[in-house]
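*Asks:* Each chain, written out:
There are 2 protein chains.
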Amino acid sequence: MALIVKKFGGSSVANAERVFNVANRIIDDYKKGNDVIVVVSAQGDTTDDLIEKALEINPKGTASKREMDMLLSAGEQISIALLAIAIETLGCPVKSLLGWQAGFQTDSHHSIARIKRVDTERLKNEISKKNIVIVAGFQGLNKYDDITTLGRGGSDTSAVAIAAAMKADLCQIYTDVDGVYSADPRKVPTAKKMNEISYDEMLELATLGAQVLNNRSVEMAKKYNVELEVLSSLEVKPGTIVKEIVKMEKTLIKGVAKDNNVARISIVGLEDTPGIAFKIFNKLAQYKVNVDIILQSVGRKGTKDITFTVPKDQKPQAVEAIESIKDSLNFEDISVDETISKVSIVGAGMESNPGVASKMFEALSDAGINIQMISTSEIKISVLIDAKQADKAVTAVHDAFLG
Amino acid sequence: MALIVKKFGGSSVANAERVFNVANRIIDDYKKGNDVIVVVSAQGDTTDDLIEKALEINPKGTASKREMDMLLSAGEQISIALLAIAIETLGCPVKSLLGWQAGFQTDSHHSIARIKRVDTERLKNEISKKNIVIVAGFQGLNKYDDITTLGRGGSDTSAVAIAAAMKADLCQIYTDVDGVYSADPRKVPTAKKMNEISYDEMLELATLGAQVLNNRSVEMAKKYNVELEVLSSLEVKPGTIVKEIVKMEKTLIKGVAKDNNVARISIVGLEDTPGIAFKIFNKLAQYKVNVDIILQSVGRKGTKDITFTVPKDQKPQAVEAIESIKDSLNFEDISVDETISKVSIVGAGMESNPGVASKMFEALSDAGINIQMISTSEIKISVLIDAKQADKAVTAVHDAFLG
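Line by line, the protein sequences give chains A and B.
Residue numbering for the first sequence follows my numbering, beginning at 554 and increasing consecutively.
Residue numbering for the second sequence follows my numbering, beginning at 554 and increasing consecutively.
Think of the hints as simulated: they come from the structure by calculation, not from any bench.
It cannot be assumed that every hint is accurate.
Which copy is meant is left open, so a pair is good if it fits within one copy or across any two.
Claimed, not checked - For lysine-lysine, the following DSSO-like pairs were computed, each having C-alpha atoms within a straight-line distance of at most 27 Å:
hint : residue 1 : residue 2
1    : Lys-879   : Lys-865
2    : Lys-677   : Lys-696
3    : Lys-618   : Lys-584
4    : Lys-775   : Lys-720
5    : Lys-677   : Lys-618
6    : Lys-683   : Lys-613
7    : Lys-696   : Lys-669
8    : Lys-683   : Lys-696
9    : Lys-682   : Lys-618
10   : Lys-683   : Lys-618
11   : Lys-584   : Lys-613
Chain A on its own, in the form it takes in the complex (with noise of 0.2 Å):
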């Protein structure tokens, strides 16, 4: 008997069948004599038409966000409580809980709230009375008394910060792929699904564009110990167990990620004086803009080149934070380059071995495919290239390290 926490997401309770697919899942569970702890989004498209209302109201988008949460929370409370009826209906003991009822204490950024405190009191009380708990993710309340979410993939969060706070045995987030797998298996045939993998690779491959999990719930995994399962809700089958694993000193490549959401700004001619670095990037962080890889290298006459890739959304606010400091910079050119791809390999002990990053050079070379910038760090390589020639990349590195 285990006490165990499963999250599902909105497509898996999109509709009545889908709902009593779940809660068979839940209940074949249950029935093992385990306790079930189920964490919930909003059904199918519910939170975009909620959206929708608040834009036919308010086009420009400039709604408060106290009470876009008030709005969007209402979505997880129509899912848990179907959910709960499916259950019913099929004879078993079920109670539905709001973020707040199953004790979600949050900051007050409204929209990205934090997650301060889970209070189990409820959770445990239901849980002792053998009920099955249906709590609705992605919200929780802050000191005020308002309702507040918890931003992208945040139901994934709310089901890893219930199992940390109830010591579950195992969090069970539930996917339209069945495991992590070593790249994308739509476009590398040869790719293969992990048994296991550490919450650092899990990161690092989250990082880089292969969205499973969102790295949030990843990381309080990590902080908490929390074992997590990546399963498919279509298929019953195991999925990929990530825990902590002990750092092995033979390589292990574990997978081969892409992400195209880059653009890569050059700023070029810059005068070689000491602190420009500084400047430049101390200015992008008060526009809050996520520097990525960063390269420096001598330009012509005197001058230094400074490169870096920030995610495509930011690309303006990057712009307008050198734009800002232009007549301090003394540069001669910015250019924005958004038709290129970062492709990654991620595993454990790589630090030690620099053969790997030579075979990878090797199989992107052997593929026809030029080498832009380079990034690395202890358990990752990353490379920027042609956009077209991304899936290309992919397939030639993967089949190198792992096909």
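Chain A is fixed; fit chain B onto it per the hints.
*Replies:* Leaving out everything else, chain B in the frame of chain A:
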């Protein structure tokens, strides 16, 4: 400067245009320097849509009332957020509050909960900050922190409860009619709008089928002496004030109402022994049947007949109740008639003026309408007639007293 509570029904906020219409009505009063608290129902068909979703999952309609309350209360959550967004967009400070945030504490009878108290701390706090407050009608919280709903007419009751708890100067109930009329204005061209009416008269009119205000809310308004105004949500003009009016000696017929929701049940040929009436009506009470008019008459050969009326939808229980004591009752026959209407006149001071009844009967007689049963109270006289003649009867009686 006054504190005004305003209540808008679901059709008043059914789409973005109507939401803005309501928002402007609210802002008009706010800009005159008033404190304004608004109670809103779920938008248009939202509640029906949510019930439909539940029936897709549980077609028998046996979903628990707790989960149905969880589901349905999302409807008002959506409408308060949208109305608040409209008011924000028009530039006024506003906060939407769910039932529990506005302090509604109820008993635990899910779907028909009674309000136990309204804890006004949050409401007072928001009002003191000069916020317009938008409260979700129809909902509250029980002592287990579970969401409850108040049942039919719940939003009217929510509005009156807030007005009572906050000692508001006025509670305005916006409807699709512009006030309370002396008869149904769609049927009786000479019907007049009343400027004022007493709680008791309003209660009798509501009971009798003039469905302008929910009875429960009028009863609460009377108990806490909350001045009500029934007015149009479409046109800006004064409505009808419902308040305590000192009874005058002079008979003042206030209105004529019709109720088609009546079934007449006759038990014929009852043995004339003591306790028969008690046996019948005690059993009906056990079956939760609301008996309205009762008539006992002498039948043939030393037997007696007992006839009574019930709401049409309670006819099956009523018949079942009587059948269950058939053996101990010893009667000849039971007959049911559903083709009848109750037509009533309502007005204070009636009991001290016997001429009123005869004037009513004369008007009906002149119109060729046969009276089947008669019932009187301090402030009303009701007659039971053939349903086909009901509209004719209302016009005849109305013209005699108010034409």
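*Asks:* Classify it for me, Lys-584 with Lys-613: is the Cα-Cα distance of at most 27 Å met within a copy, between copies, both or neither?
*Replies:* between (50 Å within a copy, 24 Å between copies)
*Asks:* Could you place Lys-677 and Lys-618 in one of the four classes (within, between, both, neither) given a Cα distance threshold of 27 Å?
*Replies:* Between copies, since 23 Å is at most 27 Å while 32 Å is not.
*Asks:* Checking Lys-879 and Lys-865: alpha-carbon separation at most 27 Å within a copy, between copies, both or neither?
*Replies:* within (21 Å within a copy, 82 Å between copies)
*Asks:* Within, between, both or neither: how does the pair Lys-775, Lys-720 come out at a Cα-Cα threshold of 27 Å?
*Replies:* Cα proximity of Lys-775 and Lys-720: one copy only (13 Å, versus 54 Å across).
*Asks:* Checking an output row: Lys-618 and Lys-584, CA cutoff 27 Å. Within, between, both or neither?
*Replies:* between (41 Å within a copy, 24 Å between copies)
*Asks:* Give the relationship of Lys-696 and Lys-669 under a CA distance limit of 27 Å: within one copy only, between copies only, both, or neither.
*Replies:* both (10 Å within a copy, 25 Å between copies)
*Asks:* At most 27 Å between C-alpha atoms: does Lys-683 with Lys-618 qualify within a copy, between copies, both, or neither?
*Replies:* between (37 Å within a copy, 20 Å between copies)
*Asks:* Should Lys-682 paired with Lys-618 be assigned to within, between, both, or neither, using CA atoms and 27 Å as the limit?
*Replies:* between (37 Å within a copy, 19 Å between copies)
*Asks:* Is it within a copy, between copies, both, or neither that the alpha carbon of Lys-677 lies no farther than 27 Å from that of Lys-696?
*Replies:* both (22 Å within a copy, 18 Å between copies)
*Asks:* Evaluate Lys-683 and Lys-613 at a C-alpha cut-off of 27 Å and name the case that applies: within, between, both or neither.
*Replies:* between (48 Å within a copy, 25 Å between copies)
*Asks:* Taking 27 Å as the upper bound on the Cα-Cα distance, should Lys-683 and Lys-696 be classified as within, between, both, or neither?
*Replies:* between (30 Å within a copy, 21 Å between copies)
When the structure is compared with the earlier hints, no violation turns up for any of them.
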